[in-house]
Every structure is written in structure tokens, then in C-alpha cells.
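Keeping their order, the protein sequence lines are chains A and B. Using UniProt numbering, you'd call the opening residue of the first sequence number 1 and step up by one each time. Using UniProt numbering, you'd call the opening residue of the second sequence number 1 and step up by one each time.
It is worth saying that the hints were derived from the structure and are not from the lab. For glycine and all other residues, C-beta sits at the position ideal for the given N, C-alpha and C. Among the hints, a few may not be true.
Once the Cα atoms are required to be at most 27 Å apart in a straight line, the calculated DSS-like pairs of lysine-lysine come out as [claimed, not checked]:
hint	chain 1	residue 1	chain 2	residue 2
1	A	Lys78	A	Lys94
2	A	Lys36	B	Lys501
3	B	Lys276	B	Lys162
4	A	Lys36	B	Lys490
5	B	Lys490	A	Lys78
Pulled a few chain B residues facing chain A out of the computed Cβ check, cut under 10 Å [what the hints assert, rightly or not]:
hint	residue
6	Arg29
7	Ala31
8	Val32
9	Gln35
10	Arg36
11	Arg39
12	Met45
13	Arg48
14	Asn590
15	Arg607
16	Arg610
17	Asn620
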Amino acid sequence: MGDAPAEAPAAAPAAGGDFSADQIEDFKEAFGLFDKVGDNQVGYNQVADIMRALGQNPTNGEVKKLLGSPSVEDMANKRMAFDAFLPLLAQQDKVQKGTYDDYVEGLRVFDKEGNGTVLGAELRIVLGTMGEKMKEDEIDALMTGQEDDNGCVNYEAFVKHVMSV
Amino acid sequence: MGCGVTKSSEFCSKKDEKDVPLIAVPAMRAAVLIQRWYRQYVARMEMRRRYTWNIFQSMEYAGEQDQIKLYNFLGYLVDNFTPSSTERNLISHIFRENEVCRDVEWERYFSYENIDVPDIYSGPRLTFPLSVSQVADLVEAFKNKQQLHSRYVLQLLLDTWKLLRILPNINRVSTCQSKEITICGDLHGQLEDLLLIFYKNGMPSLDTPYVFNGDFVDRGKDSIEILLILFAFLLVYPGDVHLNRGNHEDHIINLRYGFTKEVLGKYKLHGKRILKLLQKIFSWLPLATVIDQRVLIVHGGISDTTDLALITRIDRHKYVSALRPPKKKTTLSGGQSSMDSEFDNDSISNMSMQNKRRASVTFSKTFGPRDSFQRRSLQDFSGIVNRTVEEEQEVRRRQGAFLQTGYSCSHRDLKPSFPSESDSDSTDAPDVSNEEWKQILDLLWSDPMSQDGCFPNELRGGGCYWGPNVTEEFLNRHNLQLIIRSHECKQEGYEFCHNRKVLTLFSASNYYEVGSNRGAYIRLGPDLVPYLIQYQASDMTRELTLKQSVGRTERSALKALREQLFVHKTDLLRAFKEYDEDNTGLISLNNWAKAVGTVLHLDLPWRMLRSQLVTLTPNNMLDYHSWFKELSIKDPNVERVEQTVLETLYKHRSTLETIFRIVDTDNSGLISFEDFRQTWRLLSAYLKMEISDEAISDLLISIDTNNDGSIDIEEFMEAFRFVDRNRLERGRSIFNPKDMS
Chain A
1 MGDAPAEAPA AAPAAGGDFS ADQIEDFKEA FGLFDKVGDN QVGYNQVADI MRALGQNPTN
61 GEVKKLLGSP SVEDMANKRM AFDAFLPLLA QQDKVQKGTY DDYVEGLRVF DKEGNGTVLG
121 AELRIVLGTM GEKMKEDEID ALMTGQEDDN GCVNYEAFVK HVMSV
Chain B
1 MGCGVTKSSE FCSKKDEKDV PLIAVPAMRA AVLIQRWYRQ YVARMEMRRR YTWNIFQSME
61 YAGEQDQIKL YNFLGYLVDN FTPSSTERNL ISHIFRENEV CRDVEWERYF SYENIDVPDI
121 YSGPRLTFPL SVSQVADLVE AFKNKQQLHS RYVLQLLLDT WKLLRILPNI NRVSTCQSKE
181 ITICGDLHGQ LEDLLLIFYK NGMPSLDTPY VFNGDFVDRG KDSIEILLIL FAFLLVYPGD
241 VHLNRGNHED HIINLRYGFT KEVLGKYKLH GKRILKLLQK IFSWLPLATV IDQRVLIVHG
301 GISDTTDLAL ITRIDRHKYV SALRPPKKKT TLSGGQSSMD SEFDNDSISN MSMQNKRRAS
361 VTFSKTFGPR DSFQRRSLQD FSGIVNRTVE EEQEVRRRQG AFLQTGYSCS HRDLKPSFPS
421 ESDSDSTDAP DVSNEEWKQI LDLLWSDPMS QDGCFPNELR GGGCYWGPNV TEEFLNRHNL
481 QLIIRSHECK QEGYEFCHNR KVLTLFSASN YYEVGSNRGA YIRLGPDLVP YLIQYQASDM
541 TRELTLKQSV GRTERSALKA LREQLFVHKT DLLRAFKEYD EDNTGLISLN NWAKAVGTVL
601 HLDLPWRMLR SQLVTLTPNN MLDYHSWFKE LSIKDPNVER VEQTVLETLY KHRSTLETIF
661 RIVDTDNSGL ISFEDFRQTW RLLSAYLKME ISDEAISDLL ISIDTNNDGS IDIEEFMEAF
721 RFVDRNRLER GRSIFNPKDM S
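So here's chain A without its partners, still in its complex pose (with noise of 0.2 Å):
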């Protein structure tokens, strides 16, 4: 992590990755609508939705890897600055995002009959057994609308309708 300099835009380019200083404006307020207490900073457990909220799509993972491992204690307390945001969320950058084909192809896996569909309920057990586990109500959230009567889902749709918040 390179030093970030105090000023934003001029300075920015060092450690704002390939960030514009328009983009950084943005991040920083953003960053400012985060924080409820009125220091300037958020916590370290906020850190990873302000990355989401700003077009990244880390996993809590990452997100811990980067802030450097910290205990429980210190994701729950420890609070951070712009600044010392900015180039963690430039490293996070440069992780490629999935794009439409990574996703369908990742569905496809589980379309046994190769007929552009798999079922509502084996896509649950996935997202809620594997990886970073989802909580029941966020996979119902998540399925609401997209299972038929057959309990399938078309995944093509269903990774249009993932995509296009």
C-alpha cells in the first residue's frame, strides 16, 4: 500500500490506482454518506459494502486479507479514514470482476439436462453450503421471482436480473 498523500485529486494518482480525481470525488462521498458518527471515517466492518456500493465485488475474504488480518475485536472497533481507503480499494480493483459469460458458465455447471434451466433448489443448497455462505433470507431474497412453477430457473435470465442493478 503506497502512502496517500492528504490532499485528494492533484496527489491522487499515486495512490488512487487508475482512478480519475472525478472518480475520487465520488468515492469520497460515498464514503461520507457511510459515516454515521461524523468523524470522517468508518469502521473496519463497513469497509467491504462502501468497495461494493463503489462497483467492487470483493469477498469478506479479500476484504479481511486486505485491511490485514485483523481480530474480531478490531473488525468490530477499529475505524478508518478516506485516505487510508482510497488505496485499498485501488488494489481491490485490480481483481477482475466476473463478467456475464463467467457467470452463465458458472451456472451451467449445475444444468444437468443442458437445457438452459437448473433447479431453484440445488442453486440454494450451493449459495448456502459452499463459499461464503448466504443466510436463508438472503437466498430467498435473492430467488424471489426467478423460480417457475417447476421450481427451475433459467439462469441466462437469472444472471441478466443479477446484473443489472
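Knowing the structure of chain A, use the given hints to seat chain B on it.
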């Protein structure tokens, strides 16, 4: 999920990838991919929800400043206005609001006995004293959208008034016998929420005591029904139902935020009488509740000067409205007696009876220095605050003249009027009233903040912002452990702050828009640990996905924002030109954000909102002239009216509307051309705005669509609304009191 069991054992793996059967690796990758994506989706939704929230909240509080403008305008009228003979009537109308008469006369005025209930009336027919089953029937009737007949309304309110008068300023409640107390926050006329709470928690009874923490009325469309239900339960369970006054239990606030309109619409014949009685009732509502001497429940909050002992001793009913502080007696050097005392001598000699009465209505004149209140307001149009001694004397001379010529004359025309009892009490200590008034304002209007300290709440125009250190000191001083307050809408229906020593509770779900927030209520047992229950009224919310619910609220907020931008066009243009010295017609995004934030006085994440509000050139510049064209709304009615007039009218429309309601004394919904002209002339002088008589005439012509020589208040306001009838049907508008359909 039975068929899934075997499969999961195939896929599930806690080892690293090497040990896992080949088929599981892509599955895991797929899972991780989707999970990443999902969490990003949720975070982005949350972000949108947050800034949408910001928008609504900023605009709501900014709107409350209008109250201060109204107050200042009334003050300006009094201080600077020497009425012509015709204008005298108008002014006396404005101040005549509160006729005060003797008890006997009040009872005659509020009498319900000669109000007949027609056979065709199918609503509840109440007999008094009320019984529990009648109250249950009343709730049922309201559930079925019935309306209570005005005869019973008046009777119920009269009984409520009598009861409230014997209640102390601070309710003292205990959780003895393992009773759990239920506490509700703002309801704002949303009957659905109250019914939902009753459904989940049970109706008030000996075993289910309740505290309702103010703001029962305004904005929602069933304010009167909520009041009637709460008062009915209060009457049958006086020891188990406790009501705290909120800042919306105030007749002047009601003029703007919809309650007055609702009552006059539902009760065309007796609405005015009902409102008068409610004025008294509101002023008699207790100010706070204390549970087990440990938990304070109050609508707004506290300040660094809040003193519960002092509050216990106040005559709370003297403080009828936040916008009419008690009058002060002043004497001037140079032997010129204040018009106050002159006035009082007259009236005292006329009506000795008055002093015996504990009048519950204060006829306050806004004479005398209003410095402390004015210092709180963000804008002081009249610039009265710092006057030299000479100016002060001149003003008083004029006030005296005013009184003698116009004001007091019209006063003698009234039935026996009289000074409020604050006169008899305050001869020795003229400042006591103002201090008491501040105590009450602080209780009903304050908001907590995260920094230490305490300073006036300029955003709201009343009360304070108070910090965690003030909470700490206050709790210690009074031997309390928790403050439960309302007054602010919270997304989850509640929010802790100040180290969990302050709990905000809000019970009107979907307050800004369908899906905008949940409501909550508290169960508090002898352990005094608040147990929170959340809910969200309305069938629609269950069917909306997260995305739809956020989107809907967001659209609503942005629409309101766009209106604000349009209305401030002239000021914005000026601000933009300052950044665009070379007159290129372009400004940078950053400067746009700065300008907009400053002109609108709204501290919002403008950059984040830009995709919804502006289109930028490829190098991130904004062509502001064409932007304004995009924003502008076409309304054929007002094409002829100048842009600045239109803007000013729209900006002050709520103030205007309130003033019209005051001017329209017979509540007919119509005011004459002449009244309109005079009012507008006064307003334009006050706003230091040039508007010719011709311009006023043009305005009148375009507004009076049926050419009958009088103006319907509704139609007048329509002219300055954005043409979107659909909006009126569903949801609420920040700018208009809740519309009644």
C-alpha cells in the same frame, strides 16, 4: 429439499480444492461468484436507500423552516404595518383567531346538544360516559372507514378536555405488578399503523398500558380518527393510557401540514368548532412521561437547560403554539408606557371576571422583542433583530398608533376579550414566561447529535441539538437511565444513540413513501430494558422486491428534488455564472455540486445523484442552460406569469397557503380578489419583491378559471403545483399537506 441431501454431500467440502471431487470445483466457483455479486447488489441498494433517505429527511426539515417565515411575517405585519381602513379588517382577521370568552360562553360554543344525528347515520352512536365495548366498536367502525358524527366528536372531545385539565405536566407511571408498558412514537395520521400495533400487541387495557409519544396528527389522512381512538381509550382507562404532546399538536403547525384541512374536509359544518376545541386540548396534553422514575419519554428531547422540576410547575396550557410565544411586558425609558400595559388596563377594567378564569387559550400578540426566537431562525426577512434605541421607540410609537386606530377598535367589537391569565401571573417576572416557553420548545422540538455540546436547532427552527455529554449530565442530575423520544423518522423504526442512553422511536411506517421505512413500538417491563417490535403496514410492501421498493422511494425523492431545483432557478443561475466567468455556459460537476448545495441549503450527496439529475458532456461538464430547459415544467395556466414570481410563490407556497387559510375566516375555501390583492401586497413588501398591481391582476385572471370573482384556495395552489394528478392519488408530497380525496 429432500432430494438435495445426497447432492450436498457430494459438493460440500471443507478441505482445500485438491481434495475435492472434480465436479465440486466449478460449483464452488459458481457459488462464490454469485455470492460476490449478491453482496455487491445489496450494498448498492443500501447506498441508494441511504441517499434517498437523506433527500427526504433534508427536505422535510428544511420545510419546517417555513414555519419560522410565517412567524416572522406575522411579526412584520404587526411591527411595520399601518393599516388603511380596508386593510384593518384583514389584519384583525389574521389576529382574531382566538376569541376568548368566559367558560359559560365556551360551553355554549362547544355545545353538542342541539346537533341532531340523522337516522340515516350508520356510524357509532356513543353514550357517555364511554364504556370499553363502545371504544372497541369505535375502532371497528374506523377500520371500516366510517366517520364519527360531529355530535359525538364534540362530546368526546369535551370529556377529554375535562380529563386532561386535571393531569399533571409529567405523567408518572410504574411497572408494578409485572405490567409491561407499550410505547409508541409518531403516528402522523396513519391509522393503518395504529391498527397494526393494536393487532400485534393488543388494545390498551388494564393489563396493556400504553404511552403515546406525540405527533398523532398531520401528513397522514386519518389524523382525527387516531385522536378519537386515543382519547376514547384515555377516557376509559385513564390510569393506563398516557399521552405526550408532540410538536404537531399545535394548531398553527396543523394549518400547514394537513390536519386542519382534514378536519374541515370531513366535518364541513362543525369543523371549525372541533378545531377550536382541539386547540385547547392540545395545549392541555402532558409534556412528558416518566416510568419508574428511571425512564423519560418525551417527544423531541432535551437541552442543556432542561429542568424537570421547573417543568412540573409550569402552566402548560398557556403555551398554545410554538409560533406564538407568550407576550412580554415591557416598559420603556422616557415615560412611554408600552402598549401592552395600556391595553391591559382597558381590558382589565372591563372584565374583572377574566382573572378568575384559567383561560386555556392565549391571545398572544406578537409585540415586543422576539429576539430569542428570531435568533433561531435561519432567515430573518424583516431584519428587525438589532435595533437602535431610537428605532425601537419609533416602532413602539407606531405600534401604539396601530393599536389605537385599528387593532384595539376591532378588539372592542369582539365579545369580551381578554388578556390571558399570563398577565395576572407575570407582573413580577416578565422573563419567566419566556424561559418556560423555551423549556417546552426544547422538550418538543430538539434532536440528538453525535458531537458533544448543545446549540439551537436552526434547521427545525425550534429546540436544540444536544450531544452525548448533555445526555449524561441530564440523566445523572435527574437520576434517570434512559430517554425515549420520537420526532425523527428512522429506517428501522428505531435507533439508539448516545451510548444507548437515547432511543428514538418512530411508529409511522412507509412515512416518506411506500417501502421507505419500518415502524416500531417498545415493550418495557420492570427490568426497564426496551424490547423493540418492528412492522411495516400496507399489503403492497410484502410484494415489492428490495429493488422495487428502493426504486419507488428513490423516484419519489428525486421528483421532489427536481421540483426544488426548478424553483430555485434564478438563484442557481446566478451561482453558476459565478463559476463560469468566461460565460461558456458550462460548469464542472464539482462546481455544480457546490452551487446546488449552497443555494438549496441541502447537504446531500449531489455527485452521487448526478446521474439522475443531469446529463454531462463527455468531459464531465454541464451545459446549464439546456439543463434548466429539461427541468422546466410546462403549465398553461401560468405561462403569462414571470419566472421569478412563479418561483417565489412556489418557494413560499406553504406559507402562502397557511396565510390564506387564516384569511379565509369562514372556512368557505374562497377569498375575495381584494383580500388576495392585499395579502399579496403585504407579502411582496415583506419579501422585498417588486410586484406591480398589473402583475397581480394577471395572476388573478389566470387563476380564476370560472370567473366568479373569488378565488378557491385549492385552485390557487393548483396553479403552482406541478401538473401531475397521478401523484395526488397515491403517496404523499413533501410540499403539500396530505391531500384528501
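Comparing the hints with the structure gives:
Restraint check for Lys78/A and Lys94/A: the C-alpha separation of about 25 Å stays at or below 27 Å, so the hint holds. The straight-line distance between the Cα atoms of Lys36/A and Lys501/B is roughly 17 Å, inside the 27 Å bound, and the hint therefore holds. Restraint check: the Cα-Cα separation between Lys276/B and Lys162/B comes to about 15 Å, which is no more than 27 Å; the hinted pair holds. A hinted pair counts as satisfied when its Cα atoms are at most 27 Å apart, and Lys36/A with Lys490/B qualifies at roughly 13 Å.
Our distance criterion of 27 Å between C-alpha atoms is met by Lys490/B and Lys78/A, whose separation comes to about 25 Å. Taken as an interface hint, Arg29/B checks out: its beta carbon lies about 6 Å from the nearest beta carbon of chain A, inside 10 Å. The beta carbon of Ala31/B comes within 4 Å of a beta carbon in chain A, closer than 10 Å, and the hint placing it at the interface holds. Among the interface hints, the one on Val32/B holds; its C-beta lies about 4 Å from the nearest C-beta in chain A, closer than the 10 Å criterion.
Hint status for Gln35/B relative to chain A: holds, with the closest Cβ pair at about 5 Å, below 10 Å. Because the closest C-beta pair between Arg36/B and chain A is about 4 Å apart, less than 10 Å, the hint holds. With its C-beta approaching chain A no nearer than about 6 Å, Arg39/B sits inside the 10 Å limit, and its interface hint holds. With its C-beta approaching chain A no nearer than about 7 Å, Met45/B sits inside the 10 Å limit, and its interface hint holds.
The restraint placing Arg48/B at the interface with chain A holds, with a minimum CB-CB distance near 9 Å, inside the 10 Å limit. Residue-level restraint check for Asn590/B holds (minimum Cβ-Cβ distance to chain A is 6 Å; threshold 10 Å). A hinted interface residue such as Arg607/B counts as satisfied when its beta carbon comes closer than 10 Å to some beta carbon of chain A; here the least separation is about 5 Å, so the hint holds. At about 9 Å, the closest approach between the beta carbon of Arg610/B and any beta carbon in chain A falls short of 10 Å, and the interface hint on this residue holds.
Because the beta carbon of Asn620/B sits about 6 Å from the nearest beta carbon in chain A, less than 10 Å, this interface hint is met.
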